[in-house]
Amino acid sequence: MSAHRIAAITRRLLQQFRHDRRTLALLFVAPLVILSLLGYLIRGGASAPGVGIANEDQGPVGATLASALEKSIKIHTVIINPADGETKLKDGSLVAYIVFPPGFSQLVIQQQVIAPEIHLEGSQPGTQAPVLQALQDALTSFAAASQAAVKFQPNVSYLYGGPNLDQLDYFGAAFIGLILFFLVFVVTIVSFLRERSQGTLERLMASPLRRGEIVVGYMIGFTILALVQAVEVLIFSLYVLKVHNQGNVLLIFGFEVLMALSAVNLGIFLSMFARTEFQAVQFIPLVIVPQVLLSGILFPVSTEPTPLQYISDVLPLTYAVNGLRDVMLKGADLTWPALQLDAGVVAGFCLLLIFAGIGTLRRRIA
Amino acid sequence: MSEAFAVDVDNVVKSFGTLRALDGITLRVRQGEIYGLLGPNGSGKTTLIRAIVGLVAPDSGNVSVLGHSMPDLNILSSVGYMTQAAALYPDLSVEENLRFFAAISGADGNVTEVLKTVELEARRKSVVSTLSGGMRQRCSLACVLVHHPRLLLLDEPTVGVDPQLRVQFWEHFRDMAAAGTTILVSSHVMDEAERCQRLGLIRFGKLLGEGSPAEIRAAAGTNNLEEAFLKLSGRASE
Numbered sequence: 001m002s003a004h005r006i007a008a009i010t011r012r013l014l015q016q017f018r019h020d021r022r023t024l025a026l027l028f029v030a031p032l033v034i035l036s037l038l039g040y041l042i043r044g045g046a047s048a049p050g051v052g053i054a055n056e057d058q059g060p061v062g063a064t065l066a067s068a069l070e071k072s073i074k075i076h077t078v079i080i081n082p083a084d085g086e087t088k089l090k091d092g093s094l095v096a097y098i099v100f101p102p103g104f105s106q107l108v109i110q111q112q113v114i115a116p117e118i119h120l121e122g123s124q125p126g127t128q129a130p131v132l133q134a135l136q137d138a139l140t141s142f143a144a145a146s147q148a149a150v151k152f153q154p155n156v157s158y159l160y161g162g163p164n165l166d167q168l169d170y171f172g173a174a175f176i177g178l179i180l181f182f183l184v185f186v187v188t189i190v191s192f193l194r195e196r197s198q199g200t201l202e203r204l205m206a207s208p209l210r211r212g213e214i215v216v217g218y219m220i221g222f223t224i225l226a227l228v229q230a231v232e233v234l235i236f237s238l239y240v241l242k243v244h245n246q247g248n249v250l251l252i253f254g255f256e257v258l259m260a261l262s263a264v265n266l267g268i269f270l271s272m273f274a275r276t277e278f279q280a281v282q283f284i285p286l287v288i289v290p291q292v293l294l295s296g297i298l299f300p301v302s303t304e305p306t307p308l309q310y311i312s313d314v315l316p317l318t319y320a321v322n323g324l325r326d327v328m329l330k331g332a333d334l335t336w337p338a339l340q341l342d343a344g345v346v347a348g349f350c351l352l353l354i355f356a357g358i359g360t361l362r363r364r365i366a
Numbered sequence: 367m368s369e370a371f372a373v374d375v376d377n378v379v380k381s382f383g384t385l386r387a388l389d390g391i392t393l394r395v396r397q398g399e400i401y402g403l404l405g406p407n408g409s410g411k412t413t414l415i416r417a418i419v420g421l422v423a424p425d426s427g428n429v430s431v432l433g434h435s436m437p438d439l440n441i442l443s444s445v446g447y448m449t450q451a452a453a454l455y456p457d458l459s460v461e462e463n464l465r466f467f468a469a470i471s472g473a474d475g476n477v478t479e480v481l482k483t484v485e486l487e488a489r490r491k492s493v494v495s496t497l498s499g500g501m502r503q504r505c506s507l508a509c510v511l512v513h514h515p516r517l518l519l520l521d522e523p524t525v526g527v528d529p530q531l532r533v534q535f536w537e538h539f540r541d542m543a544a545a546g547t548t549i550l551v552s553s554h555v556m557d558e559a560e561r562c563q564r565l566g567l568i569r570f571g572k573l574l575g576e577g578s579p580a581e582i583r584a585a586a587g588t589n590n591l592e593e594a595f596l597k598l599s600g601r602a603s604e
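If you read the protein sequences in the order shown, they are chains A and B. Oh and the first sequence: position 81 is 81 in the working numbering, straight run, nothing missing. Oh and the second sequence: position 125 is 491 in the working numbering, straight run, nothing missing.
Hints listed in this document are in silico derivations from the structure and should not be mistaken for laboratory results.
Only part of the chain B face toward chain A is listed, based on derived beta-carbon distances under 7 Å: (1) V419; (2) L439; (3) S443; (4) T449.
Pulled a few chain B residues facing chain A out of the computed Cβ check, cut under 10 Å: (5) I441; (6) V445; (7) Q450; (8) A452; (9) V510; (10) H513.
From the derived model, a few chain B residues whose C-beta atoms are all more than 12 Å from chain A: (11) T384; (12) K482; (13) L497.
Beta carbons are placed, not taken as given, at the ideal position from N, Cα and C, and that holds for glycine.
Just need the whole structure built from these sequences, with the hints factored in.
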């Protein structure tokens, strides 16, 4: 071991970073960006999920609990008509609604049983806990005030899914799309960059090939790979992991096709902004991580701080994840306007990226 | 711009930032000749070839190839452009590379024949990354010959090639020229220059002199092409 030689290696590495300002910037800026995003996402005055309250109780208990719920910061309550509840769950304006049925107070007074109806939307992870917690808080303060030993026997019903859905069902649906998007993106950006760095792109551009032919050829090639992968992932998820699926497998597949196409073209497009494979990999924290945080995979978009919701609304992954969850957890089909929107946005984004990919080739080489 | 010239470069200027890579260069290559583009590294040879093939858009001036004003995608099926480094797919075999380049130029039938020409038949199944530098260069050459181009643009095709192979390469070039192919070849190796019918000396993006090797030597008043080149480029920088 020679300290001098070791020092030479260390020094050379640091010198290389000094010449690669972009990598250096990324090393020091990216963590702060990602952590700030995460911090803002979780602590930035996250919007409380919307919960409908319908009080049909003639006695005092329903009203007391309703006003306690209204004061809760964990949820945002709206007074609704119980008949509208299901519609509002479906259109996504509420994540749950609670009904205090007629005779609610009587039951409390006569049998010490508190039995509200809780209707949960059921397809969004993380939105149920605040609802149940808020209700629990309201009950605890009610029990403390009345000094009665009451039993809590809620009637919980789910619009979609049910108590049997676990976290894997929620995340599985989203990850099926995410895995594909991410891997296809990385493979494309690296292959396309190799095409540039090994000089073969120069050769292609000096051949009668048209730019569109190159991009479409790439698209078909990687999409075939991606779809074989998609089949594998789907079979594994549905039959080995037994992730819940209520919808048409072909629709899931259709979403995966669109995501694969988007990922290929995003890769071609971004390869233009990287000189080396090393720099290409740097797009992962810049492009992929924020999308994962903001696309509703981990935190439902409706509970994000409002400014972040605007960003989520323009990310293609948001629509893809939403579409996949709608199909798998709710059994959505193409007659659902929500699914039409999701599929339309993902397809539109895909088209935009195809043109961006083709445009990229023009800019580099006249 | 007549068909008489395979390559017609007319007063082309191209700058990259403050660097003037091509500074009003005019150059004409006749049909069926071997034209040598001679100049030191960084003189603008590669930029000129890229401008001819349409990969560089000139700031001003015109380029036409085989009578077609560039850029023109359709004429590119009659052009073969061999880049400086052997630009191949390292993870494909020799034959797979050739089949690919043949297919994009619409010449799928010629693969076996061209493998014979560059004497790589025995290694047709070898993956390119396992080949020696010389073989790679031969494979690269095969990829530009596979569609029988009428104009061949070779950017320092013999860099890193041993003398024996270099002789072979030049034999190919001569045979092809005899069969009517026009060849524009850049080099900074003087013994290659001797083999060209006409030479253009290029430096600082300008054409300093043009003529047969004998004419160039006469113009510089020396018997040695290398000396002639140094003399002529010395005059330009004064």
